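Chemist: Residue strings, one per chain:
Number of protein chains: 2
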Amino acid sequence: MTYGTMIEALGAPTRRAIFEKLAEGPSSVGALASGMPVSRPAVSQHLKALKDAGLVTEKRRGTARIYSVDPKSIAELRDYFDRFWDVALDAYKRSLEGGDA
Amino acid sequence: MTYGTMIEALGAPTRRAIFEKLAEGPSSVGALASGMPVSRPAVSQHLKALKDAGLVTEKRRGTARIYSVDPKSIAELRDYFDRFWDVALDAYKRSLEGGDA
DNA sequence: GAAAAGCGTAAGTCAAGGCTTACGGAATGT
DNA sequence: ACATTCCGTAAGCCTTGACTTACGCTTTTC
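Chain order of the listed sequences is L and G.
As numbered in the numbering used here, residues 96 to 196 make up the first sequence, in order.
As numbered in the numbering used here, residues 96 to 196 make up the second sequence, in order.
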């Protein structure tokens, strides 16, 4: 059920933007913030949320903190929508065949 | 870029719950609401949001309105995370190979 | 050890939005 | 024509949360 937390985390546009930037490669907080219309603390708070949701990981290098997306989390989301696709498509077919009136 | 609207719509837990119920088969508003801890108007408002996001479709039968998930929308979300998976995994590999220090 | 770099956190503000109750409107039944 | 069913919308409340500024901590550098 952890995909729920992930989707909620990605529901906020700014946070999803940060996540998509991170997908292109690991980055420090300052580097991320410099390319965004919000302050660095805001980015820091979003990164905490993404980390709590299991979407990103953090490692330290000097005084900097390098964030990276966790590939496993993306796989989990992908699998979720894969299963969803199966269920919905099955229900869709049944509804066309007149499973209900 | 329409997947953004979809993810934002699914970011709200109650709305995602409605969407997941609908995935099991088409349903009327009242039937959906009777199985949920929120009022019928609340469900109605969420359905409007889901419809605006292109996640569900509506058809009328008598006085009732039957909502169904749109399979195409799920495919779009699935494809989004598929692409995401490719990009992120590639970046992940590069980061391991020492593309940066 | 003092300064600088790079962040996280606390506190406070403010708009967004999720929920409720009340109401009105279209479609069916009698 | 009237009542009923089933639903969308309006208005309002109130919490959530995204954002800012201010501050303090840790790590490196000189």
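None of these hints come from the bench; they were simulated from the model.
There could be a bad hint or two in this list.
The list cannot tell twin chains apart, which means a pair is met if one copy fits it or any two copies do.
As a list, the in silico SDA-like pairs of lysine to any residue whose alpha-carbon atoms are at most 20 Å apart [to be verified]:
{"#": "1", "residue 1": "146", "residue 2": "180"}
{"#": "2", "residue 1": "188", "residue 2": "136"}
{"#": "3", "residue 1": "154", "residue 2": "133"}
{"#": "4", "residue 1": "143", "residue 2": "124"}
Only a predicted model underlies this, so the values are computations on that prediction, with no experimental measurement involved.
Chemist: Using 20 Å as the alpha carbon limit, work out where residue 188 and residue 136 are close: within a copy, between copies, both or neither.
Modeler: Neither: 49 Å inside a copy, 29 Å across copies.
Chemist: Within a copy, between copies, both or neither: where do residue 154 and residue 133 come within 20 Å Cα-Cα?
Modeler: This pair counts as neither: shortest intra-copy Cα distance 23 Å, inter-copy 42 Å.
Chemist: With identical chains treated as interchangeable, where does the CA-CA distance between residue 143 and residue 124 reach 20 Å or less: within a copy, between copies, both, or neither?
Modeler: Within one copy only: 11 Å inside, 37 Å across.
Chemist: For residue 146 vs residue 180, is the C-alpha pair at or below 20 Å within one copy, between two copies, both, or neither?
Modeler: Classified as between: cross-chain Cα gap 18 Å, same-chain 27 Å, threshold 20 Å.
Against the hints set out earlier in the document, violations occur for numbers 2 and 3.
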